[in-house]
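Starting from the given sequences, assemble the full structure and let the hints guide the process.
Line by line, the protein sequences give chains A and B.
Read left to right, the first sequence gives residues 1 to 451 (UniProt numbering).
Read left to right, the second sequence gives residues 1 to 451 (UniProt numbering).
If you're looking for bench data, these hints aren't it; they were derived computationally from the structure.
Note that the structure is predicted; figures quoted are calculated from it, not measured.
Glycine included, C-beta positions come from ideal geometry on N, C-alpha and C.
Some hints here could point you the wrong way.
As the list claims (entries may be wrong) - Partial list, derived from the structure: chain A residues whose beta carbon lies under 8 Å from chain B:
1) E45
2) P48
3) R163
4) L194
5) I256
6) A261
7) G269
8) S284
9) L291
10) T299
11) G306
12) E309
13) Q313
14) S327
15) T338
16) V371
As the list claims (entries may be wrong) - Under the rule of at most 20 Å between Cα atoms (straight-line distance), these lysine to aspartate or glutamate pairs were calculated in the EDC-like manner:
17) K166/A x E156/A
18) K416/A x D220/A
19) K166/B x D197/A
20) K166/A x E204/B
21) K166/B x E93/B
22) K166/A x D197/B
23) K166/B x E156/A
24) K166/A x E156/B
25) K166/B x D207/A
26) K166/A x D207/B
27) K166/B x E204/A
28) K417/A x D220/A
There are 2 protein chains.
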Amino acid sequence: MSHHPDKFQTRLERLAEALDSGAMDQVRRLLNRGLAPVDVARVLESTPPRERELLWEQVDIAAQGEVLQYLNEDIQGTFLTHMDAPRVVEATEPLDNDDAADLLQQLPYARLQEVLDVMPVERRARLEAVLSYPEDTAGGLMDTNTVTIRADVSLEVVLRYLRRHKRLPESTDNLLVVSRRFELIGALPINRILVSDPSVTVREVMDTDIVTINALTHEDEVASVFERQDLISAPVISLDNRLLGRITIDDVVDVIRENAAQTMMNMGGLEDEEDTFAPVLRTSRRRAVWLGINLLAATVVSIAIGFFEDTIQQIAALAVLMPIVSSMGGIAGSQTLTVLIRGISLGHVSGANVRWLLVRELMAGTLNGLVWAVVVAVMAIARFQDYLLGGIIAMAMVINLMVAALIGTLIPIALKKLAIDPALSGGVLLTTITDIVGFVALLGLATIFYF
Amino acid sequence: MSHHPDKFQTRLERLAEALDSGAMDQVRRLLNRGLAPVDVARVLESTPPRERELLWEQVDIAAQGEVLQYLNEDIQGTFLTHMDAPRVVEATEPLDNDDAADLLQQLPYARLQEVLDVMPVERRARLEAVLSYPEDTAGGLMDTNTVTIRADVSLEVVLRYLRRHKRLPESTDNLLVVSRRFELIGALPINRILVSDPSVTVREVMDTDIVTINALTHEDEVASVFERQDLISAPVISLDNRLLGRITIDDVVDVIRENAAQTMMNMGGLEDEEDTFAPVLRTSRRRAVWLGINLLAATVVSIAIGFFEDTIQQIAALAVLMPIVSSMGGIAGSQTLTVLIRGISLGHVSGANVRWLLVRELMAGTLNGLVWAVVVAVMAIARFQDYLLGGIIAMAMVINLMVAALIGTLIPIALKKLAIDPALSGGVLLTTITDIVGFVALLGLATIFYF
Numbered sequence: 001m002s003h004h005p006d007k008f009q010t011r012l013e014r015l016a017e018a019l020d021s022g023a024m025d026q027v028r029r030l031l032n033r034g035l036a037p038v039d040v041a042r043v044l045e046s047t048p049p050r051e052r053e054l055l056w057e058q059v060d061i062a063a064q065g066e067v068l069q070y071l072n073e074d075i076q077g078t079f080l081t082h083m084d085a086p087r088v089v090e091a092t093e094p095l096d097n098d099d100a101a102d103l104l105q106q107l108p109y110a111r112l113q114e115v116l117d118v119m120p121v122e123r124r125a126r127l128e129a130v131l132s133y134p135e136d137t138a139g140g141l142m143d144t145n146t147v148t149i150r151a152d153v154s155l156e157v158v159l160r161y162l163r164r165h166k167r168l169p170e171s172t173d174n175l176l177v178v179s180r181r182f183e184l185i186g187a188l189p190i191n192r193i194l195v196s197d198p199s200v201t202v203r204e205v206m207d208t209d210i211v212t213i214n215a216l217t218h219e220d221e222v223a224s225v226f227e228r229q230d231l232i233s234a235p236v237i238s239l240d241n242r243l244l245g246r247i248t249i250d251d252v253v254d255v256i257r258e259n260a261a262q263t264m265m266n267m268g269g270l271e272d273e274e275d276t277f278a279p280v281l282r283t284s285r286r287r288a289v290w291l292g293i294n295l296l297a298a299t300v301v302s303i304a305i306g307f308f309e310d311t312i313q314q315i316a317a318l319a320v321l322m323p324i325v326s327s328m329g330g331i332a333g334s335q336t337l338t339v340l341i342r343g344i345s346l347g348h349v350s351g352a353n354v355r356w357l358l359v360r361e362l363m364a365g366t367l368n369g370l371v372w373a374v375v376v377a378v379m380a381i382a383r384f385q386d387y388l389l390g391g392i393i394a395m396a397m398v399i400n401l402m403v404a405a406l407i408g409t410l411i412p413i414a415l416k417k418l419a420i421d422p423a424l425s426g427g428v429l430l431t432t433i434t435d436i437v438g439f440v441a442l443l444g445l446a447t448i449f450y451f
Numbered sequence: 001m002s003h004h005p006d007k008f009q010t011r012l013e014r015l016a017e018a019l020d021s022g023a024m025d026q027v028r029r030l031l032n033r034g035l036a037p038v039d040v041a042r043v044l045e046s047t048p049p050r051e052r053e054l055l056w057e058q059v060d061i062a063a064q065g066e067v068l069q070y071l072n073e074d075i076q077g078t079f080l081t082h083m084d085a086p087r088v089v090e091a092t093e094p095l096d097n098d099d100a101a102d103l104l105q106q107l108p109y110a111r112l113q114e115v116l117d118v119m120p121v122e123r124r125a126r127l128e129a130v131l132s133y134p135e136d137t138a139g140g141l142m143d144t145n146t147v148t149i150r151a152d153v154s155l156e157v158v159l160r161y162l163r164r165h166k167r168l169p170e171s172t173d174n175l176l177v178v179s180r181r182f183e184l185i186g187a188l189p190i191n192r193i194l195v196s197d198p199s200v201t202v203r204e205v206m207d208t209d210i211v212t213i214n215a216l217t218h219e220d221e222v223a224s225v226f227e228r229q230d231l232i233s234a235p236v237i238s239l240d241n242r243l244l245g246r247i248t249i250d251d252v253v254d255v256i257r258e259n260a261a262q263t264m265m266n267m268g269g270l271e272d273e274e275d276t277f278a279p280v281l282r283t284s285r286r287r288a289v290w291l292g293i294n295l296l297a298a299t300v301v302s303i304a305i306g307f308f309e310d311t312i313q314q315i316a317a318l319a320v321l322m323p324i325v326s327s328m329g330g331i332a333g334s335q336t337l338t339v340l341i342r343g344i345s346l347g348h349v350s351g352a353n354v355r356w357l358l359v360r361e362l363m364a365g366t367l368n369g370l371v372w373a374v375v376v377a378v379m380a381i382a383r384f385q386d387y388l389l390g391g392i393i394a395m396a397m398v399i400n401l402m403v404a405a406l407i408g409t410l411i412p413i414a415l416k417k418l419a420i421d422p423a424l425s426g427g428v429l430l431t432t433i434t435d436i437v438g439f440v441a442l443l444g445l446a447t448i449f450y451f
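The structure is reproduced here in structure tokens:
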């Protein structure tokens with residue numbers, strides 16, 4: 001296998017040694033000859049800021065574009081902002097149009113214009129075609145470099161035409177058949193050229209029922225189409241059916257990966273393209289916002305508890321048991337929330353079946369509420385020798401797990417309707433409510449039954 | 001675009017209507033003619049169990065294999081177990097070997113043997129070749145259907161050979177060049193056949209520096225290789241370099257997607273291939289385990305609070321403020337944990353830089369601890385008119401956020417060393433510790449300063 005994780009680690013260590021001992025010649029050799037661009041990017045991403053700058057300066061300009069392409073956006077932005085316009089042009093020159101456009105999008109608008117100004121005219125036009133679409137649409141993902149043919153020629157002619165190319169664009173699995181007005185009328189799979197009689201015309205063997213993607217389609221929708229149809233590439237067209245470019249599976253894989261990372265990072269209130277080695281101040285500032293939102297939620301919970309200060313003063317055991325009721329509600333609610341978020345994102349949940357889901361969740365919540373209420377009641381009675389307290393915490397548990405099932409189902413549906421990502425804010429909202437319900441149920445029931 | 005989400009919703013509604021009114025003829029027509037197999041699968045996944053059974057019975061046997069392939073494992077298992085062996089063979093007949101093997105793996109061992117026994121000999125041999133590898137390895141992912149050629153023939157001969165095929169296997173971007181002993185010696189990109197002079201030999205134009213994958217490589221590693229090298233397909237070889245099959249990008253996309261879903265579901269203690277419409281009892285049973293683990297953690301927290309029952313009895317305000325300290329610690333710790341888990345999974349974190357990360361996290365934690373401690377102290381003083389209480393909660397906050405940074409960094413590294421998935425158990429472990437530290441700091445400091 002040409003991919004050796006162990007070899008990579010060894011090289012990483014040798015690189016660190018060379019850097020420590022100041023042997024810059026060796027650093028340069030290791031970076032530029034020993035490693036593929038994707039590995040150089042990984043080395044840079046794995047290095048704290050100060051040494052990272054040093055390493056970056058040793059990367060050959062010819063390789064910088066390729067390396068940049070594999071870095072996360074945080075670092076792309078930092079490096080690009082420190083390069084002057086001609087250098088950016090030089091570094092991105094070896095890249096495909098779509099990849100170059102992705103990179104340039106990390107630049108502030110004014111800098112981007114400077115870079116475009118010093119670029120060869122044809123390249124500039126191609127890049128602007130991609131840059132004119134939002135980054136998260138098919139237009140922003142597409143490569144404008146396509147191989148097009150006419151319908152009325154024979155495969156023999158196509159073969160002769162192809163032999164004039166030195167190589168075809170990467171991931172070319174289809175030749176695109178266009179009209180004189182550059183309207184897309186079909187696709188000819190490369191494999192079909194190979195297995196067909198050379199004398200037939202393109203029209204006779206081309207596919208006309210092809211999957212095309214509108215330039216303004218959102219990238220998530222693009223990923224879903226690729227996945228469902230097992231595509232390698234797909235043509236991108238304008239509203240009037242003109243061919244604009246094509247999207248290839250490697251870019252779609254990036255979208256899928258980024259979305260996955262995004263969900264996980266967003267649940268913690270973090271940026272998905274964050275540099276693992278971001279400096280202290282940037283890290284603290286970004287996280288502070290989420291902590292502030294959480295403080296707001298915790299304060300509301302605290303105010304709810306405040307109403308029962310007298311009850312707690314009388315029965316301190318309640319304060320000891322409080323976290324059990326709230327955390328069980330939080331966990332049960334999160335389970336429901338997660339299943340619903342996944343169901344929604346897979347397109348399973350609709351008006352027709354949401355009532356079934358709500359009933360199922362309520363029944364499962366009640367069942368688990370009853371089971372664990374008994375366990376907790378026994379523990380509470382054993383600890384405090386108080387049967388009433390056992391009964392109260394059991395009741396509070398069942399109430400909280402039922403409410404958790406109810407709002408765990410409704411929150412993602414409501415947030416979805418409001419066009420808010422449930423993965424981002426659903427968790428805080430849910431645990432705030434289950435905390436309040438858990439505490440109020442426990443302390444409220446105690447207030448009623450003891451006084 | 002041939003993919004119309006709105007049209008899908010309309011069909012779904014018409015299907016529901018037809019099912020409700022018992023018009024089974026219409027249901028059959030809608031299912032078997034109106035929808036692609038992937039969409040039928042989505043309909044089934046979006047339908048509660050009872051109607052799902054009814055719908056499934058209306059799907060033509062010829063289409064059942066394709067539909068099954070797109071269903072989640074939970075439902076695959078249910079449907080397959082209810083089919084007899086000859087029916088399973090008939091339904092899976094149109095599938096590629098790797099896809100058929102994937103499905104059959106959902107059957108219990110005895111049933112799998114029954115199915116293999118009634119299968120045509122050649123198919124059985126090919127399936128057994130795939131089934132002999134664990135499901136999560138390259139061998140379990142591969143398709144044994146490859147197009148192989150010899151090195152010494154001319155491209156002209158290759159072209160003539162290819163024309164004898166009616167079609168090439170899907171995602172064929174390379175012809176694999178093998179020796180007489182079926183050792184892999186090179187790959188010939190399809191595109192290169194098209195742009196090369198037909199009279200040259202395969203050996204002259206083939207690639208010899210190709211990415212190959214060992215059959216026992218883990219699927220995550222396979223996905224990482226595909227992603228890093230932007231592959232469409234890759235040959236799978238045995239330890240002695242013999243060609244066994246090939247893996248294509250569509251299977252790798254499935255692996256990437258499943259991994260992403262898995263992380264999210266596992267964080268809630270849920271199965272990743274769970275049926276959205278699993279029945280109540282199965283749902284409750286699966287979730288109960290996770291709730292039990294959480295109850296254990298909550299009990300430990302509760303015992304810690306129990307040591308300070310007398311203090312709470314004296315100052316009930318502490319019970320009111322408790323959730324603020326613990327939840328801020330939990331959030332800050334989760335942020336650190338998430339960044340570390342992502343850093344580890346991207347291969348950024350190593351012995352060389354973990355100290356840098358720990359220092360950064362501690363500094364960021366302290367900074368945010370100080371900022372929010374002031375805010376919380378001011379709120380506490382305003383609420384309870386008690387400066388000492390304000391000072392105590394501020395100190396508890398700073399302590400808890402520092403500890404959160406420390407253990408948020410160390411937990412994933414420790415779990416990784418123990419070969420435990422940090423995404424699965426890291427969260428509970430972390431919040432249990434931040435809860436205990438938060439409560440003990442607040443109540444302990446109060447005990448010291450007030451008595």
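We went through each hint and held it up to the structure:
1. The criterion of a C-beta within 8 Å of any C-beta in chain B is met by E45/A, whose closest approach is roughly 5 Å, and the hint holds.
2. Because the smallest distance between the Cβ of P48/A and any Cβ of chain B comes to about 5 Å, under 8 Å, the interface hint for this residue holds.
3. Below 8 Å, beta-carbon pairs count as interface contacts, and R163/A has one with chain B at about 5 Å; its hint therefore holds.
4. Because the beta carbon of L194/A sits about 4 Å from the nearest beta carbon in chain B, less than 8 Å, this interface hint is met.
5. The criterion of a C-beta within 8 Å of any C-beta in chain B is met by I256/A, whose closest approach is roughly 6 Å, and the hint holds.
6. The interface hint given for A261/A is met, as the beta carbon of that residue sits about 7 Å from the closest beta carbon of chain B, less than 8 Å.
7. Because the closest C-beta pair between G269/A and chain B is about 7 Å apart, less than 8 Å, the hint holds.
8. Because the beta carbon of S284/A sits about 4 Å from the nearest beta carbon in chain B, less than 8 Å, this interface hint is met.
9. At a threshold of 8 Å, the smallest CB-CB gap from L291/A to chain B is about 6 Å, leaving the interface hint in force.
10. For T299/A, the interface hint holds, since its Cβ comes within 8 Å of a Cβ in chain B; the closest pair sits about 7 Å apart.
11. The beta carbon of G306/A is positioned within 8 Å of a beta carbon in chain B (closest approach about 5 Å), and the interface hint is therefore held.
12. The closest approach between the C-beta of E309/A and any C-beta of chain B is roughly 5 Å, which is under the 8 Å cut-off, so the hint is satisfied.
13. Using the Cβ-Cβ criterion of 8 Å, the hint placing Q313/A at the interface with chain B is satisfied: the shortest such distance is roughly 4 Å.
14. Hint on S327/A holds. Least Cβ distance to chain B is approximately 5 Å, under the 8 Å limit.
15. Given the 8 Å rule on beta carbons, the hint for T338/A holds: about 4 Å separates it from the nearest Cβ of chain B.
16. Interface restraint check for V371/A: the shortest CB-CB distance to chain B comes to about 6 Å, inside 8 Å, so the restraint holds.
17. At most 20 Å may separate the alpha-carbon atoms for a hinted pair to count; K166/A and E156/A meet this at roughly 18 Å.
18. About 16 Å separates the Cα atoms of K416/A and D220/A, which keeps this hinted pair within 20 Å; it holds.
19. For the hint linking K166/B to D197/A, the alpha-carbon distance of about 11 Å falls within 20 Å, and the restraint holds.
20. Distance check on the hinted pair: K166/A and E204/B sit about 15 Å apart at the alpha-carbon level, within 20 Å; holds.
21. Distance check on the hinted pair: K166/B and E93/B sit about 19 Å apart at the alpha-carbon level, within 20 Å; holds.
22. Our distance criterion of 20 Å between C-alpha atoms is met by K166/A and D197/B, whose separation comes to about 11 Å.
23. Distance hint between K166/B and E156/A is fulfilled; the C-alpha atoms sit about 18 Å from each other, no more than 20 Å.
24. Straight-line distance between C-alpha atoms of K166/A and E156/B comes to about 18 Å, which keeps the hinted pair within the 20 Å bound.
25. Restraint check for K166/B and D207/A: satisfied, since their Cα atoms lie roughly 15 Å apart, inside the 20 Å limit.
26. About 15 Å separates the Cα atoms of K166/A and D207/B, which keeps this hinted pair within 20 Å; it holds.
27. Straight-line distance between C-alpha atoms of K166/B and E204/A comes to about 15 Å, which keeps the hinted pair within the 20 Å bound.
28. Note on K417/A and D220/A: the hinted pairing holds, with a Cα-Cα distance of about 18 Å set against a maximum of 20 Å.
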